[in-house]
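**Student:** Chain residues, written in single-letter form:
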Amino acid sequence: MNIVLEARELRKQYQDKLALKGLNLQIQAGEIFCLLGQNGAGKSTTINLFLGFITPTSGAAYINGLEVASNVTRVKEYLAYIPENVMLYPNLTGLENLSLFSSLAGFKYAEEELMHYLVQAGLPAEAAGRRVGGYSKGMRQKVGIAIAVAKHAKVLLLDEPTSGLDPKASNEFSELLLKLSDAGTAIFMATHDIFRSKAVGTRVGIMREGELVDVLPAAGLEASELEKLYLNHMHV
Amino acid sequence: MNKLRILIKFEWLNFRADKGLLILTALALLAGLYGIYYGTTEIERQRENIAALEVLTEQNVEEMKMKYPGDADAGDLGYYHSTFAVNHPDSWAGLSMGQRDLNPYYLKLRLLNLQSQLYDTENINPLKVLSGNFDLAFVLVYLFPLLIIGLCFNILSVEKEQGTLPLLLSQPIGPALIVGAKLVFRIILVLGMALFLSVLAMWWGRVVPDVRVVLWFGVVVLNCLFWFGVAFLVAALQKNSAFNAVTLLGVWLLLTIVIPALLNVYVSVKQPVPQALALTIQQREVVHGGWDKPKGETMEKFFALYPQWRDTAEIEGGFAWRWYYAFQHLGDVAVADLAKSYEEGLYARQQLVNSLNVLSVPVNVQGVLNAMAGSDLPAHLDFLKSASRYHDSLREFYYPFLYRQVPFTHADYAGEPRHSFTGSPDFTTIYSGLAKLLVSVLLVFTAALLLFKIRTVTVK
Amino acid sequence: MVRSIAKKEFISTLRDSRFMALSILVLLLLLAATIVGLQSYKNLQEERMVAQQTVNEQFANAADRHPHRMAHYGSYAFRPKSGISFLDFGLDSYTGSSVYMEAHRQNSANFSQAQQSTSLIRFGEMTVAFVLQMLIPLLIIFLCFGAFTQEKETGTLKILLSQGISVRELAWAKIAGYSKVVALVVAPALLLVSILQFGRGGFEADGDVFIRLLLFILSYLLYFFIFIVLSVVVSALHQRSATALVSLLGIWILACVIIPKATANLGAGLYTTPTRAWMDAEVHEEVKKRIDGHNSNDERAEALKQELFKKYGVNSLEELPVNFDGIWMAAGEEQSSRVYGEHFDELTAIFEKQNNISEYAGLFNPYLAVRHLSMGAAGSDFSHYVHFLKEAEEYRYNQTQKLNQIQATQLKYGDKETRLSTDTWKAFEPFTYETPDAGWVLKNHVVSVAALLLWLVLVSTAGIKLIEKIKVA
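Protein chains in written order, with this note's numbering: chain A, 1 to 236; chain B, 1 to 460; chain C, 1 to 473.
The set of hints was computed from the structure by calculation and includes no laboratory data.
Some chain B residues flagged as far from chain C (calculated, every beta-carbon gap over 10 Å):
id, residue
1, Val213
2, Val214
3, Thr428
Selected chain B positions facing chain C (in silico; Cβ < 10 Å):
id, residue
4, Asn49
5, Asp120
6, Leu127
7, Leu130
8, Tyr142
9, Gly150
10, Ala276
11, Trp291
12, Gly367
13, Asn370
14, Asp376
In this text, a Cβ means the ideal position worked out from N, Cα and C, and glycines have one as well.
Hey, can you work out the whole structure from these sequences and the hints?
**Tutor:** Here is the structure:
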């Protein structure tokens with residue numbers, strides 16, 4: 001077992017709200033974990049804790065065996081992140097944005113390689129040289145995907161990554177995720193999309209009011225069953 | 001370090017692509033160039049005007065020679081002939097004109113009572129001096145802080161507002177590095193511009209390259225760093241861009257306009273110099289009273305001061321020039337105390353400002369720059385002192401003619417003393433100002449760093 | 001609908017604690033500036049009044065003297081501060097306060113506040129005008145920068161417009177709301193200033209001071225309104241509040257800091273000011289060519305003599321019923337004063353040309369327009385200064401000529417010894433100075449008045465048109 005992403009009794013208390021109530025979770029290399037839940041269920045809080053953007057009230061998050069809170073900068077060498085709404089430097093081109101982020105991650109790519117990542121993520125080649133200020137949300141999202149892929153991270157943290165993508169692009173993105181997981185990347189994806197969770201996920205978790213109320217293996221589960229289960233959990 | 005370099009490189013790309021920032025920087029550069037042009041041409045004009053005074057003196061001498069073709073009475077010359085005491089600009093004056101546009105840089109002197117001549121003013125357009133000088137010092141003290149504010153007000157907030165901070169922080173770099181890189185890039189840019197303008201101004205103004213080159217660089221660098229520190233401090237508060245912009249402009253307004261204005265009020269209340277009007281009134285009374293007093297009494301008083309002329313011929317008749325100049329001089333002697341306390345009052349004002357300038361970095365920096373260029377109030381007071389000494393030497397030159405009743409020949413004009421004065425830099429003010437500036441910079445950076453440490457950076 | 005939006009802006013601003021804090025700060029500064037201004041006004045005024053009284057008494061009680069000695073003894077003119085100059089020191093701190101008025105010579109006005117100050121004074125002075133000209137606009141910017149951008153950012157603009165209000169109406173509604181807020185901040189201060197002004201004079205309702213104060217207040221109200229509309233327009237043209245704010249702050253810096261200095265410098269650069277030394281030398285040369293009051297042995301003196309001989313039918317100076325010394329001196333004074341007057345006019349013309357650059361720049365920068373009007377109303381502008389100098393010169397000339405007249409009629413030719421009694425001097429009217437009336441001020445600042453009105457029309461027509469054209473989606 002090669003656990004690269006782990007939460008132990010992870011709790012996050014905001015001033016007036018307990019956002020996460022002692023999460024325990026282990027994700028292995030090559031696994032795709034999809035986290036379902038309503039807005040405000042604690043999905044983004046979980047991702048932010050893994051990213052070290054916020055510090056846990058108690059408990060700990062681990063990336064590749066390193067505790068996140070005490071290794072905020074180092075853990076980022078092992079993870080890549082695609083936010084729900086990828087925002088980039090509007091005055092730089094897509095290519096320049098990718099170049100900036102991958103060089104910060106320690107990769108020195110030639111221009112052709114950068115182009116390759118962008119095209120692989122679905123960005124039209126002719127758009128790569130234009131300023132991001134003129135991109136649509138979907139195009140920015142694709143640059144975000146390229147940034148994450150080019151980082152060759154052990155862990156991929158995704159927060160509603162397909163929002164703003166058209167169905168075809170979403171589908172291509174799913175295939176990309178499967179390819180990455182085959183290569184051994186652990187993927188943690190917060191999403192609303194039950195059907196895609198079923199399609200790509202190894203396991204599916206359901207979160208409600210800061211608690212992971214159910215974890216199911218995706219294999220052998222019909223999408224409709226999953227939806228029913230999900231709705232059941234929501235209506236308790 | 002490698003990551004710092006990458007971040008700086010991309011800051012450069014971002015900067016290059018941002019039209020607003022480019023315009024701002026170009027404007028600052030243009031303002032700097034204009035400041036250099038303005039300061040040097042204005043000082044050049046003063047130099048030309050001073051050179052023209054020699055022509056006037058010569059014309060005056062020619063006129064005197066025409067008027068008195070043979071031997072002249074030195075008394076007539078003392079009355080009709082005038083020379084100039086001149087305050088040459090220091091070679092650095094073009095960089096920081098200080099009060100040189102406000103105070104006369106030459107005085108027309110006759111052998112008469114000095115105090116009635118010492119405070120004459122030059123033809124100045126009051127609206128122009130109210131508006132002040134657009135010299136390099138103005139650009140550095142007023143406008144560069146604004147440039148720094150314009151470049152730095154959203155140093156961290158923009159990353160949050162345009163949403164790039166989460167992606168950036170998901171890379172193996174900390175927020176300190178991000179802010180650090182941005183600051184370093186901007187510091188390099190602004191210091192590069194400030195130093196470029198300074199070097200250009202020094203070259204263009206043909207300054208005497210002495211230790212002041214280093215001191216000037218020191219002041220310019222520290223001044224810029226101070227404002228970067230302020231911007232850093234405000235950035236560390238982690239508020240939005242609008243808040244930062246208003247706060248920074250507020251600080252600028254407070255330090256460059258409000259505090260100096262309040263200090264000015266405080267200084268004039270705390271250190272009043274009401275002697276000026278009393279001085280001018282009393283001086284007239286004494287001088288003109290001289291006509292009404294018995295000549296013997298006047299001469300007795302004068303001989304007490306200049307015993308060497310006591311044994312000269314007695315004055316006969318209604319009028320004698322030596323008696324006339326004696327009571328003119330006694331007018332000066334009578335108000336010497338007032339003149340001294342007026343002068344001391346002005347020095348004391350400067351002292352008070354020097355001790356209060358810790359409250360405002362711009363006031364301190366302006367003071368240091370003016371002190372460097374010899375264009376501040378003390379430099380002018382030094383000129384007045386020098387002009388007084390010149391008047392003394394003129395009197396001493398003419399006294400033998402008057403008391404021994406020697407005719408003044410055409411050859412004697414050449415022997416008349418001439419005056420030249422150049423304000424010198426005031427190193428005491430410069431060094432103490434630099435020390436205070438250094439402390440200000442350290443304080444503001446320490447505060448900023450502490451605040452930045454205490455408040456963890458949030459991504460939104 | 002318009003009214004309810006204006007009300008919404010008004011109420012939500014009053015609930016904004018940050019804005020309230022800033023407003024209170026500005027009000028406090030206004031108060032401080034008023035107190036400082038009044039105090040400094042009182043000090044200076046008293047100092048000058050005491051000085052004027054002293055010299056007047058000295059003149060009246062002067063010893064028995066020869067009239068020409070008295071002409072050299074001369075008088076002083078101390079410039080009284082104008083009644084409402086405590087609101088705007090204007091050029092007063094930079095202009096000399098005392099002119100020594102003697103025979104044959106026109107002296108400079110000496111002892112300005114600025115000459116007795118350190119470089120501190122160059123940072124500006126804390127006056128009511130300073131707060132009104134520079135700080136209130138900043139407050140307005142802070143108040144209005146989000147006028148439209150905030151509605152855009154929160155998406156409320158579309159909702160508002162879907163309720164059937166036009167962009168134009170929305171703009172006016174916002175302007176009305178903000179104007180009310182600004183009025184709330186400014187009104188107490190202006191009221192206080194007015195009360196202080198009239199309270200000081202024991203409610204002697206001096207009509208002219210009242211008109212000046214009215215002009216002062218009206219100019220600023222116009223100026224504030226222009227700034228409000230301008231800020232709303234700029235806000236409408238931007239998509240994000242932050243960029244709108246930065247643009248407005250940029251405009252403020254340009255209008256209130258850089259342009260005023262640049263135009264003044266430009267003016268001085270374009271029109272060269274002759275130095276006093278050269279001017280004096282030229283006056284001297286020209287006078288020498290025409291007549292010289294002290295040297296009676298040249299042709300012109302001869303011509304004047306012959307003229308007098310003919311007039312009185314005599315053959316020698318001693319026989320003349322009038323004293324030629326006095327006549328000759330008067331002729332000299334007349335000539336030299338005329339020549340000096342011409343040069344002085346040339347000099348002021350040069351200064352006026354320099355200043356016109358700033359005054360006309362008011363057409364592009366309302367700050368400059370209001371600054372000139374404000375100084376004019378407060379009696380601390382350039383024309384008031386020149387007016388004083390001219391009055392002083394006129395007094396000097398008349399006094400000298402009167403003394404020459406006395407010499408010509410009461411003393412014999414060649415008499416340098418007779419001393420007239422001190423009663424002679426008591427008959428002289430002391431120097432008094434009356435500030436010109438408000439109409440004169442308006443005439444001097446037609447350009448600035450026109451500039452403010454032009455701006456008013458411009459922002460309320462073209463500005464609002466610009467707002468109407470903004471893209472909503």
